[in-house]
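Visitor: Letter by letter, the chains look like this.
There are 2 protein chains.
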Amino acid sequence: MKEYRVAIVGATGLVGREFIRVLEQRNFPMASIQLFASARSAGKKLTVNNQEIEVRETTAESFEGVDITLFSAGAEVSHYFSPIAAKSGAVVIDNSSAFRMEPRVPLVIPEVNPEDIKWHQGIIANPNCSTIQMVVALNPLHRVNPIKRVVVDTYQAVSGTGSAAVAELTQQTKQVLNGQETIPHVYPHQIAFNVLPEIDVFLDNGYTKEEWKIVEETRKIMHADDMAISATCARVPVFTSHSEAVHIEFSSHIMPDEAESILAEAPGIKILDDTAISLYPQPWTAAGTDEVFVGRIRRDVSCSNGLVMWVVADNLRKGAALNAVQIAEEMIARDWVSPRGARK
Amino acid sequence: MKEYRVAIVGATGLVGREFIRVLEQRNFPMASIQLFASARSAGKKLTVNNQEIEVRETTAESFEGVDITLFSAGAEVSHYFSPIAAKSGAVVIDNSSAFRMEPRVPLVIPEVNPEDIKWHQGIIANPNCSTIQMVVALNPLHRVNPIKRVVVDTYQAVSGTGSAAVAELTQQTKQVLNGQETIPHVYPHQIAFNVLPEIDVFLDNGYTKEEWKIVEETRKIMHADDMAISATCARVPVFTSHSEAVHIEFSSHIMPDEAESILAEAPGIKILDDTAISLYPQPWTAAGTDEVFVGRIRRDVSCSNGLVMWVVADNLRKGAALNAVQIAEEMIARDWVSPRGARK
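Sequences listed follow chains A and B, in order.
For reference, each letter of the first sequence is one residue, going 15 to 358 in the working numbering.
For reference, each letter of the second sequence is one residue, going 15 to 358 in the working numbering.
So that you can see chain A by itself, here it is in the shape it has in the complex (with noise of 0.2 angstroms):
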């Protein structure tokens, strides 16, 4: 069996350590592992596989030798390395905004569009995490019924943000249980029992950045430029993952059952949806595991061919760490990526 030499950049953010957990748990053939950060983080100790490994500063030359680079340190880090990592020969699959609207990069999600993978020109980009749990929820769905028109508001954790986001939410929700003030510094307003609907950079057209991905990153990743998308997206009082009211309006008439059998037999997805034993998705039981999990499925009464639905998935793994993991995984299955030693 083929191994590769894993390298990831941000390893000591949330989805850092994430991707070292998500690697460990399906057993990814690495021959080796390295593991970056900024010059800040440079020093920690970090455990793999039993193996404490030191994190090292992120250089142009952290890349020799490597085959798969793993990137989540935010959109600037990844401008400026992931070209270098790319020249260098590893394979870079990259958690941030900064190369996904690219036309010259492939934006995947292994469950809906894998083939989109071949193409790569070294960098290949890892949705956005509210984007990734929809489509897988949606794609299946359209390929029986194309759809038209989509209309999501989103419930979503702080832990996108990153750790300082989970520690504010910590430390407000005991000072407000206390009776003391809050002081934002993470978020533009108290996040503790609260709900924030600014998620990323405002708009000229009003649209936060997060709600604008939604639109560009489904309409890429599902091929469907025509698609009518419309989102809000809120911040809400909760660690781990996201949850998603979707309305979604179909070409012709779709029965909820027939979408939950569609949705059942779906990769990646995982049916929640007995309302007689109230089971339906939440984001605390979603957080740690693997699935989209759908619930909820019922006509949109409010449109002829609608159906309105619940979907959660974990931000951290599915949403982020576990998608790029999956798309290395798609690479080597199909053998659209080799280890440098092989090739020499």
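Treat the hints with care, since some could be wrong.
The list treats identical chains as interchangeable, and a pair is accepted whether it falls inside one copy or across any two copies.
[Said to hold, decoys possible] Within a straight-line C-alpha distance of at most 30 angstroms, the following computed DSBU-like cross-link-like pairs (lysine-lysine) qualify:
(1) 223 x 162
(2) 223 x 284
(3) 59 x 162
(4) 101 x 59
(5) 16 x 101
(6) 223 x 58
(7) 132 x 284
(8) 188 x 162
(9) 132 x 101
(10) 132 x 16
Everything labelled a hint here was simulated from the structure, so no lab data went into it.
Here the structure is a predicted model, which means the values were calculated and not measured.
With chain A fixed as given, assemble chain B onto it according to the hints.
Guide: Same frame as chain A, but now just chain B:
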């Protein structure tokens, strides 16, 4: 100035206590105030306008000589006692769901359909919290440009369930922060750091009763039987104020600026909409206030005549107690209710 004999049924509940606060704050012209609740709560003492008043058990005799009765003790209590109160001559303003969809009972938001008060036959229904704030924001736009379809997803506070739910969120939050297990009592699952897409009971069509209330009550209040509406209602770990992402399709084109101008002039609404300074409605800051806050007004890019907005209001005040008291004030202002003394 005329003064009215007021009774509150369900006085010890969250909405009951809010009734008292609202009556005090608005200097409601009360000749007297009586507080009623279940036998369990009888004997408790509450302060109204610096006067200590003992809560008594609600009986068939409670309403003699009363001019206006405010009910918020659940649908069962209202079903039983509201007709008795009405028959004894007290106008009932009922915050429960008991009579809302009865054709002979008006369902009223004073800013929207005050004229409907006139045809009451003793009972006036107060709409559901999630309906009120949405309709206050929809109606001014609908009058200018008839609304064809609404898709709304809610982020609802636990105080809508009552004081036991507030206690449960508080306790579970502490338990999670201390690494302890939580045991749900009020809700079917943990609510701390979680989102539950289940509010009120499930109906056969897959919607919850809460979602269906939004569909039916909105049409009744707005006299818009053909308006297409679908909703997903979710409970979030917030104490007070519901938030709603509202996607609206109008009969003809409307610009966000135009909508904002209309809403800025409309009664009961405050616009909070400046993305440059992260200004938008939030449940934490809306708690304890009277307005329906509207922000994030932008085009719905998924349909040609669409708008999206974010609507937040205190669910105990405008969503319940305040709206009910405003109904009473409207009756007084229009001379549609007379103090019992005046009748004789």
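Visitor: Evaluate each hint against the coordinates.
Guide: Hints versus structure:
1. 223 x 162: Result: close both inside a copy and across copies, 22 angstroms intra and 28 angstroms inter.
2. 223 x 284: The answer is both: 29 angstroms in one copy and 26 angstroms across copies each meet 30 angstroms.
3. 59 x 162: Intra 49 angstroms, inter 59 angstroms, cutoff 30 angstroms: neither.
4. 101 x 59: within (28 angstroms within a copy, 77 angstroms between copies)
5. 16 x 101: within (22 angstroms within a copy, 85 angstroms between copies)
6. 223 x 58: Neither, since 33 angstroms and 52 angstroms both go past 30 angstroms.
7. 132 x 284: within (28 angstroms within a copy, 52 angstroms between copies)
8. 188 x 162: neither (45 angstroms within a copy, 45 angstroms between copies)
9. 132 x 101: For residue 132 and residue 101, only the intra-copy Cα distance (17 angstroms) is at most 30 angstroms; the inter-copy one is 77 angstroms.
10. 132 x 16: Within one copy, since 19 angstroms is at most 30 angstroms while 81 angstroms is not.
In the structure shown, a violation is registered for the earlier hints numbered 3, 6 and 8, in ascending order.
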